[in-house]
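Build the full structure now, drawing on both the sequences and the hints.
The listed protein sequences derive, respectively, from chains X and E.
For the first sequence, counting from 1, position 281 maps to 281 in my numbering; every step adds exactly one.
My numbering runs 352 ahead of the 1-based position in the second sequence.
There may be inaccurate statements among the hints.
Unchecked claim - Below are the DSS-like pairs computed for lysine-lysine, each with C-alpha atoms no more than 25 Å apart in a straight line:
| # | chain 1 | residue 1 | chain 2 | residue 2 |
| --- | --- | --- | --- | --- |
| 1 | X | Lys100 | E | Lys543 |
| 2 | X | Lys103 | E | Lys452 |
| 3 | X | Lys7 | E | Lys452 |
| 4 | X | Lys191 | X | Lys269 |
| 5 | E | Lys452 | X | Lys199 |
| 6 | X | Lys100 | E | Lys355 |
| 7 | X | Lys3 | E | Lys452 |
| 8 | E | Lys455 | E | Lys543 |
| 9 | X | Lys100 | E | Lys621 |
| 10 | E | Lys423 | E | Lys359 |
| 11 | X | Lys63 | E | Lys455 |
| 12 | X | Lys313 | E | Lys415 |
| 13 | X | Lys271 | X | Lys347 |
| 14 | E | Lys355 | X | Lys103 |
| 15 | X | Lys3 | E | Lys699 |
| 16 | E | Lys651 | X | Lys7 |
| 17 | E | Lys359 | X | Lys103 |
| 18 | E | Lys651 | E | Lys699 |
| 19 | X | Lys3 | E | Lys551 |
I should point out that these hints are in silico values taken from the structure, not numbers from a laboratory.
Protein chains: 2
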Amino acid sequence: MSKFLGKSAAALTPYVPGEQLTDRVYIKLNANECPYPPSPGVERALRDAEYRALRLYPDAEAKALHAAVAKFHGLTSQEVYMGAGSDEVLGYAFMAFFDKGDKVYYPGITYGFYPIYAQLCGLEAVEIPVREDFTIAVSDYYGLDGNIIIANPNAPTSLAITPEEVEDILNHNPDRLVIIDEAYADFSENKTVVPLLRKYDNLMVVQTFSKSRAMAGMRVGCALGNPELMAGLTRIKFSFNPFNLDPLAIATGIAAVEDKAYLAETVGKIKATRNRAGEAMRKMGMTVLPSETNFLFAKHPTIPGGELCRLLKAEGILIRHFAKPGIDDYVRITVGTDGDMDTLLEKLGALK
Amino acid sequence: MSKFLGKSAAALTPYVPGEQLTDRVYIKLNANECPYPPSPGVERALRDAEYRALRLYPDAEAKALHAAVAKFHGLTSQEVYMGAGSDEVLGYAFMAFFDKGDKVYYPGITYGFYPIYAQLCGLEAVEIPVREDFTIAVSDYYGLDGNIIIANPNAPTSLAITPEEVEDILNHNPDRLVIIDEAYADFSENKTVVPLLRKYDNLMVVQTFSKSRAMAGMRVGCALGNPELMAGLTRIKFSFNPFNLDPLAIATGIAAVEDKAYLAETVGKIKATRNRAGEAMRKMGMTVLPSETNFLFAKHPTIPGGELCRLLKAEGILIRHFAKPGIDDYVRITVGTDGDMDTLLEKLGALK
Numbered sequence: 001m002s003k004f005l006g007k008s009a010a011a012l013t014p015y016v017p018g019e020q021l022t023d024r025v026y027i028k029l030n031a032n033e034c035p036y037p038p039s040p041g042v043e044r045a046l047r048d049a050e051y052r053a054l055r056l057y058p059d060a061e062a063k064a065l066h067a068a069v070a071k072f073h074g075l076t077s078q079e080v081y082m083g084a085g086s087d088e089v090l091g092y093a094f095m096a097f098f099d100k101g102d103k104v105y106y107p108g109i110t111y112g113f114y115p116i117y118a119q120l121c122g123l124e125a126v127e128i129p130v131r132e133d134f135t136i137a138v139s140d141y142y143g144l145d146g147n148i149i150i151a152n153p154n155a156p157t158s159l160a161i162t163p164e165e166v167e168d169i170l171n172h173n174p175d176r177l178v179i180i181d182e183a184y185a186d187f188s189e190n191k192t193v194v195p196l197l198r199k200y201d202n203l204m205v206v207q208t209f210s211k212s213r214a215m216a217g218m219r220v221g222c223a224l225g226n227p228e229l230m231a232g233l234t235r236i237k238f239s240f241n242p243f244n245l246d247p248l249a250i251a252t253g254i255a256a257v258e259d260k261a262y263l264a265e266t267v268g269k270i271k272a273t274r275n276r277a278g279e280a281m282r283k284m285g286m287t288v289l290p291s292e293t294n295f296l297f298a299k300h301p302t303i304p305g306g307e308l309c310r311l312l313k314a315e316g317i318l319i320r321h322f323a324k325p326g327i328d329d330y331v332r333i334t335v336g337t338d339g340d341m342d343t344l345l346e347k348l349g350a351l352k
Numbered sequence: 353m354s355k356f357l358g359k360s361a362a363a364l365t366p367y368v369p370g371e372q373l374t375d376r377v378y379i380k381l382n383a384n385e386c387p388y389p390p391s392p393g394v395e396r397a398l399r400d401a402e403y404r405a406l407r408l409y410p411d412a413e414a415k416a417l418h419a420a421v422a423k424f425h426g427l428t429s430q431e432v433y434m435g436a437g438s439d440e441v442l443g444y445a446f447m448a449f450f451d452k453g454d455k456v457y458y459p460g461i462t463y464g465f466y467p468i469y470a471q472l473c474g475l476e477a478v479e480i481p482v483r484e485d486f487t488i489a490v491s492d493y494y495g496l497d498g499n500i501i502i503a504n505p506n507a508p509t510s511l512a513i514t515p516e517e518v519e520d521i522l523n524h525n526p527d528r529l530v531i532i533d534e535a536y537a538d539f540s541e542n543k544t545v546v547p548l549l550r551k552y553d554n555l556m557v558v559q560t561f562s563k564s565r566a567m568a569g570m571r572v573g574c575a576l577g578n579p580e581l582m583a584g585l586t587r588i589k590f591s592f593n594p595f596n597l598d599p600l601a602i603a604t605g606i607a608a609v610e611d612k613a614y615l616a617e618t619v620g621k622i623k624a625t626r627n628r629a630g631e632a633m634r635k636m637g638m639t640v641l642p643s644e645t646n647f648l649f650a651k652h653p654t655i656p657g658g659e660l661c662r663l664l665k666a667e668g669i670l671i672r673h674f675a676k677p678g679i680d681d682y683v684r685i686t687v688g689t690d691g692d693m694d695t696l697l698e699k700l701g702a703l704k
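Okay, here's the thing in structure tokens:
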């Protein structure tokens with residue numbers, strides 16, 4: 001470690017993304033990427049991009065993208081904040097809505113980046129345990145003395161709480177900001193809590209284009225909420241890296257959000273494949289949680305999670321394992337194409 | 353302001369980028385953008401980009417881009433850190449190499465983002481005044497009790513210190529990190545201090561693809577330094593937003609850095625135009641500092657800076673004015689094409 005590293009930077013435990021191996025061709029079910037390409041409109045946006053314009057700084061306000069996302073959700077542009085992936089949005093939210101020493105509450109099993117942001121901002125992270133079946137007990141979130149962040153549906157559990165349960169948390173914490181991270185909401189039955197935004201000034205929704213819109217490469221995510229909250233994120237952006245979206249991210253982002261039919265088609269295919277593959281795995285004796293996401297959180301009857309991960313990797317299939325107490329026996333398997341999942345099922349069957 | 357905004361976020365004074373006006377066609381000399389397009393290789397990289405691959409996360413380590421930049425500078429990949437523009441690199445440097453309450457030293461006239469990063473990280477910012485002629489007195493930087501950041505050449509003054517002067521500062525602060533921000537170094541006589549990197553473990557160089565490489569749109573910047581320093585930046589990246597470079601930024605960045613001939617040609621043209629335009633402005637009675645950048649820092653004999661800015665804007669030319677004591681009479685004028693500068697000179701002449 002560099003002798004110039006600050007004490008707080010030295011204390012960080014950085015995030016470990018899913019492996020991006022290139023030593024052979026893998027069926028990649030380890031990063032919750034979409035198995036289908038982005039909307040054909042994204043290809044056109046890319047082909048139409050004017051390379052000569054790259055000499056200029058992008059629109060730091062990304063006005064056209066804000067307008068497109070606002071239109072999709074029936075909001076105004078002032079109720080939208082666009083970031084370079086939802087990770088950047090979340091990072092800025094932690095910087096904007098917390099001061100050093102503040103508490104932040106989130107479920108004990110959830111997205112691994114929340115504790116890292118908390119550490120980065122010097123917050124006291126309070127993990128609220130999930131139930132033994134991995135569900136979230138909403139009453140555990142009543143009257144808290146810090147802001148709350150909940151991935152809904154949650155990762156890697158794949159389980160969701162209902163909009164009514166989100167409202168319950170909002171009503172019990174009127175003076176606390178409640179951030180609902182909806183990275184996987186398009187795959188859930190209840191979809192988004194965006195319709196609650198104008199009813200609750202303490203609600204902020206975070207979404208990403210990386211999953212249902214197949215745009216993980218382009219780094220586009222957003223926050224949705226009242227204009228004051230969005231202005232808080234903008235304030236951090238303009239104090240850190242104002243030009244966070246390049247013109248290609250803006251153009252392809254607009255194309256992606258405008259193609260509602262393609263989104264519905266992609267999500268429909270993934271949900272059908274998910275339900276079929278989950279059912280087949282259950283028939284094999286595996287425990288598979290009822291997923292509302294584009295991945296399956298599953299446990300093999302005899303093979304521990306880490307071992308299952310290694311065995312499938314040797315067979316050319318990458319899945320994800322989290323060596324964390326409580327979920328150590330489980331693996332997270334992204335829903336691929338029907339063909340991907342057939343291969344997975346075949347390999348899983350051969351392991352028995 | 354949102355009631356949920358943290359106290360430290362509320363106290364920030366965010367950066368104000370140069371205007372991006374679209375109400376009419378302007379000659380845009382206000383953001384130090386390159387008047388020429390990026391290398392033709394960038395266009396090819398964009399055309400060859402595989403849209404279907406955008407469904408996947410990018411290589412979080414951007415290994416191919418690191419290798420290309422390392423090769424350009426005669427360094428190893430471990431001596432390179434690639435960021436989403438040099439603003440992101442600088443922001444991460446402030447997060448990595450300082451703790452709250454630490455001092456950071458920089459010239460009293462310099463890039464307006466340094467005080468903002470200092471504020472964001474809760475540092476004590478100490479501005480060391482420049483001389484009356486805007487030059488930096490190196491001896492003012494001896495034996496400081498905090499890390500140092502110097503834009504070299506400096507902005508908006510357009511003046512540079514020599515590599516020997518940088519060494520002098522390094523030698524007088526062996527236990528302090530010295531960050532040399534070389535956004536404009538390609539336009540200077542002495543170019544970069546990269547050759548000093550292996551001699552001084554307390555030196556870090558920051559560069560951008562936004563100026564000499566005409567890639568402001570694509571958000572590519574880098575730090576160069578010893579592997580431990582680079583690992584410090586990587587540590588922050590993986591604790592904040594690991595996928596900071598999309599595959600198009602990576603591909604176009606590689607194309608840009610590999611085209612050395614185009615860089616030399618572009619820089620040569622801009623320097624020739626700069627010197628000619630600067631001389632012509634001096635003949636008009638303007639004060640023009642001897643620029644080692646792609647902009648001119650200039651004072652009109654009778655018209656104050658803000659007023660000059662407004663008058664030229666009415667004539668369809670955007671330049672930049674900083675309403676800051678000491679430089680209030682000056683304007684910063686980006687060097688455009690010969691045609692741009694001829695129009696500028698004509699309009700300036702008509703103002704007299």
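Status of each hint after checking the structure:
1. Our distance criterion of 25 Å between C-alpha atoms is broken by Lys100/X and Lys543/E, whose separation comes to about 41 Å.
2. Of the pairs offered as hints, the one joining Lys103/X and Lys452/E holds, with about 19 Å between alpha carbons and a cut-off of 25 Å not exceeded.
3. A hinted pair counts as satisfied when its Cα atoms are at most 25 Å apart, and Lys7/X with Lys452/E qualifies at roughly 10 Å.
4. Distance check on the hinted pair: Lys191/X and Lys269/X sit about 16 Å apart at the alpha-carbon level, within 25 Å; holds.
5. Restraint check for Lys452/E and Lys199/X: not satisfied, since their Cα atoms lie roughly 38 Å apart, outside the 25 Å limit.
6. Between Lys100/X and Lys355/E the CA atoms are separated by roughly 17 Å; this keeps the pair inside 25 Å, and the hint holds.
7. A C-alpha spacing of about 17 Å is found between Lys3/X and Lys452/E, which places the hinted pair at or below 25 Å, so the restraint holds.
8. Straight-line distance between C-alpha atoms of Lys455/E and Lys543/E comes to about 28 Å, which puts the hinted pair past the 25 Å bound.
9. In summary, the hint linking Lys100/X to Lys621/E is not supported, as the alpha carbons are separated by about 50 Å, beyond the 25 Å threshold.
10. Only pairs whose Cα atoms come within 25 Å are accepted, and Lys423/E paired with Lys359/E is rejected, the gap being roughly 45 Å.
11. A threshold of 25 Å between alpha carbons decides the hint, and for Lys63/X with Lys455/E the separation of about 37 Å lies outside it, so the pair is violated.
12. This hinted pair checks out: Lys313/X and Lys415/E have alpha carbons roughly 23 Å apart, not beyond 25 Å.
13. The hinted pair formed by Lys271/X and Lys347/X meets the criterion: a straight-line CA distance of about 21 Å does not exceed 25 Å.
14. Pair hint Lys355/E plus Lys103/X holds up; C-alpha atoms about 16 Å apart against a cutoff of 25 Å.
15. As the CA atoms of Lys3/X and Lys699/E are separated by approximately 54 Å, the hinted pair breaks the 25 Å bound.
16. Taken as a hint, the Lys651/E and Lys7/X pair is broken in the structure, with Cα atoms around 45 Å apart against an allowance of 25 Å.
17. A C-alpha spacing of about 14 Å is found between Lys359/E and Lys103/X, which places the hinted pair at or below 25 Å, so the restraint holds.
18. Between Lys651/E and Lys699/E the CA atoms are separated by roughly 15 Å; this keeps the pair inside 25 Å, and the hint holds.
19. Using a Cα cut-off of 25 Å, the hinted pair Lys3/X and Lys551/E holds, with the two alpha carbons roughly 16 Å apart.
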